[in-house]
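Start from chain A and add chain B according to the hints.
There are 2 protein chains.
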Amino acid sequence: MILCDIGNSTFHFLIEGKEQKYFLHENLPELKKRIYFISVNEKATAKLLSQYPTAINLEQYMKFETTYVGMGIDRKVACVGCENGVIVDAGSAITVDIMEDGVHKGGFILPGIKNFREIYPQISPKLDFDFSIKLNLDKIPQNTKDAISYSILKAIILPIQEIAHNKKLFFTGGDGEFLSSFFPDSSFKKDIIFENMKGIINANSCIA
Amino acid sequence: MILCDIGNSTFHFLIEGKEQKYFLHENLPELKKRIYFISVNEKATAKLLSQYPTAINLEQYMKFETTYVGMGIDRKVACVGCENGVIVDAGSAITVDIMEDGVHKGGFILPGIKNFREIYPQISPKLDFDFSIKLNLDKIPQNTKDAISYSILKAIILPIQEIAHNKKLFFTGGDGEFLSSFFPDSSFKKDIIFENMKGIINANSCIA
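Quick mapping for you: the protein sequence lines, in order, are chains A and B. One gets the working numbering by counting positions in the first sequence from 1 and adding 16 to each. One gets the working numbering by counting positions in the second sequence from 1 and adding 16 to each.
Pulled out of the complex, with its shape left as it was, chain A reads as follows (with noise of 0.2 Å):
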């Protein structure tokens, strides 16, 4: 079996248990097997399915309860089957999704790191730089570089600690690892994406 998780930038496969990354204009690899793929990108699901023509979108084959109007389906396969706490996957935005007895009840929607970094130096070229990711947030920064570091980690730590309250969080996504670092009781979960796709489609004897 083949995963698939196309997004705005990348198709990203699991094949044989190994990830690989194609940006969109790149030519898509020989694959023998069964691909099965969610996908936020009209575009990019036709060049997949020109190639692939057996391959199974797994959207119609889930099942996800919110009232939440234009989730993409990343992030609603991120949420399912957790039944209570917070899920936060954290790539170029940084959405934070709220499940409660099974059901999504909201979420937010944060910039990434790095695009939050890259907003200082357009509104002022004395505000341009690094992101340090080594700094105590429990002193009130005394440079500039520090303050915006302080700034941009507060702005996306302190949101989510408020919704989250008790509740469990788990993080994905390529800064997820980093920022379950500010949260003592919050799990990382790399793969949550390709594991709740083997879930649904074990979930769907017709298609497994």
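There could be a bad hint or two in this list.
Computed cross-link-like contacts, BS3-like style, restricted to lysine-lysine with a CA-CA straight-line distance of at most 25 Å [claimed, not checked]:
{"hint": "1", "chain 1": "A", "residue 1": "Lys155", "chain 2": "B", "residue 2": "Lys121"}
{"hint": "2", "chain 1": "B", "residue 1": "Lys142", "chain 2": "A", "residue 2": "Lys59"}
{"hint": "3", "chain 1": "B", "residue 1": "Lys142", "chain 2": "A", "residue 2": "Lys37"}
{"hint": "4", "chain 1": "A", "residue 1": "Lys92", "chain 2": "A", "residue 2": "Lys155"}
{"hint": "5", "chain 1": "B", "residue 1": "Lys142", "chain 2": "A", "residue 2": "Lys121"}
{"hint": "6", "chain 1": "B", "residue 1": "Lys142", "chain 2": "B", "residue 2": "Lys37"}
{"hint": "7", "chain 1": "B", "residue 1": "Lys155", "chain 2": "B", "residue 2": "Lys142"}
{"hint": "8", "chain 1": "A", "residue 1": "Lys121", "chain 2": "B", "residue 2": "Lys79"}
{"hint": "9", "chain 1": "A", "residue 1": "Lys63", "chain 2": "A", "residue 2": "Lys34"}
{"hint": "10", "chain 1": "A", "residue 1": "Lys142", "chain 2": "B", "residue 2": "Lys92"}
{"hint": "11", "chain 1": "A", "residue 1": "Lys205", "chain 2": "A", "residue 2": "Lys79"}
{"hint": "12", "chain 1": "A", "residue 1": "Lys59", "chain 2": "A", "residue 2": "Lys121"}
{"hint": "13", "chain 1": "B", "residue 1": "Lys161", "chain 2": "A", "residue 2": "Lys142"}
Not the full set, but computed from the structure, chain B residues with beta-carbon under 10 Å of chain A [to be verified]:
{"hint": "14", "residue": "Gly33"}
{"hint": "15", "residue": "Gly128"}
{"hint": "16", "residue": "Tyr136"}
{"hint": "17", "residue": "Ile156"}
{"hint": "18", "residue": "Pro157"}
Calculated directly from the structure, the hints in this document are not laboratory data. Cβ atoms here follow ideal geometry from the backbone N, Cα and C, with glycine treated the same way.
Just chain B now, kept in the frame of chain A:
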């Protein structure tokens, strides 16, 4: 007396109690009275001084105690004279500064609301939504537009709330009045920079 606060993009004058803004490339008005100014922009300072050679830079007349490195003169002027409190100047950036016993203890720099909003479409065209100023922050967002506005507001409000704790909060700047509405015991001081510039002039009889 004429006051001028020179920023990154404008000359901001106070002439006979009336504010006037000029972009950096615009011709400056004919002014007969003595001009007192502060500036974060060397090129614009040179332009002002070439037209008004007797204009007085207030920076040299200001006493301001801080260990913070790289603090703009406008930020210092907004803070000067505050014994205990947090000063928030909400413009293209939002500077947050902490004063204790008349000494500056440090601060941080969040993106301004407008610049914050503009990150989102840079992440994905699906995140291109106007900021909604009327939003119930006690409700978990149920759609992308609310999710973005909620995130922007929480990312700005919570770090200010955390640092302010039991201190007095003062807001100034273009979004100062709006942001102060989220802090019941805060004050909005529209003209804090000009007021404090007058204070510096009055405290220095040699230039008054």
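Query raised in the report: Holds or violated: B/Lys142 with A/Lys121, Cα cutoff 25 Å?
Result: Between B/Lys142 and A/Lys121 the Cα gap is close to 21 Å, so the pair holds against 25 Å.
Requested in this report: Quickly compare the C-alpha distance for B/Lys142 and A/Lys59 to 25 Å and report which way the hint goes.
Outcome: holds, 14 Å
Report task. Measure nothing beyond the straight line between the CA atoms of B/Lys155 and B/Lys142; if it is 25 Å or shorter, mark the hint as holding. Result -> Holds: B/Lys155 and B/Lys142 sit about 22 Å apart, inside 25 Å.
Query - Pairwise hint evaluation, A/Lys142 against B/Lys161, where the allowed Cα distance is 25 Å at most - result: Violated - the C-alpha atoms of A/Lys142 and B/Lys161 are around 31 Å apart, more than 25 Å.
Query raised in the report: Within a Cα-Cα threshold of 25 Å, do A/Lys142 and B/Lys92 meet the stated pairing?
Result: Given pair A/Lys142, B/Lys92 holds - Cα atoms ~16 Å apart, limit 25 Å.
Query raised in the report: Going straight from one Cα to the other, do B/Lys142 and A/Lys37 come out at no more than 25 Å?
Result: holds, 22 Å
Report task. Let me know if the C-beta of B/Gly33 comes in closer than 10 Å to any C-beta of chain A, holds or violated. Result -> Cβ of B/Gly33 sits 29 Å from chain A, so the hint is violated.
Query - Per-residue hint verdict: B/Pro157, partner chain A, C-beta under 10 Å - result: holds, 5 Å
Report task. Measure nothing beyond the straight line between the CA atoms of A/Lys121 and B/Lys79; if it is 25 Å or shorter, mark the hint as holding. Result -> Given pair A/Lys121, B/Lys79 is violated - Cα atoms ~52 Å apart, limit 25 Å.
Query raised in the report: Would the pair A/Lys63 and A/Lys34 pass a check requiring their Cα atoms to be no farther apart than 25 Å?
Result: Distance of about 22 Å is within 25 Å: holds.
Requested in this report: Would you settle whether the hint for B/Ile156 is holds or violated, based on the nearest Cβ-Cβ distance to chain A being less than 10 Å?
Outcome: This interface hint holds because 3 Å falls under the 10 Å limit.
Report task. Please work out if A/Lys205 and A/Lys79 have their alpha carbons no farther apart than 25 Å. Result -> At roughly 21 Å apart (the allowed maximum being 25 Å), A/Lys79 and A/Lys205 satisfy the hint.
The earlier numbered hints that this structure contradicts are 4, 6, 8, 12, 13, 14.
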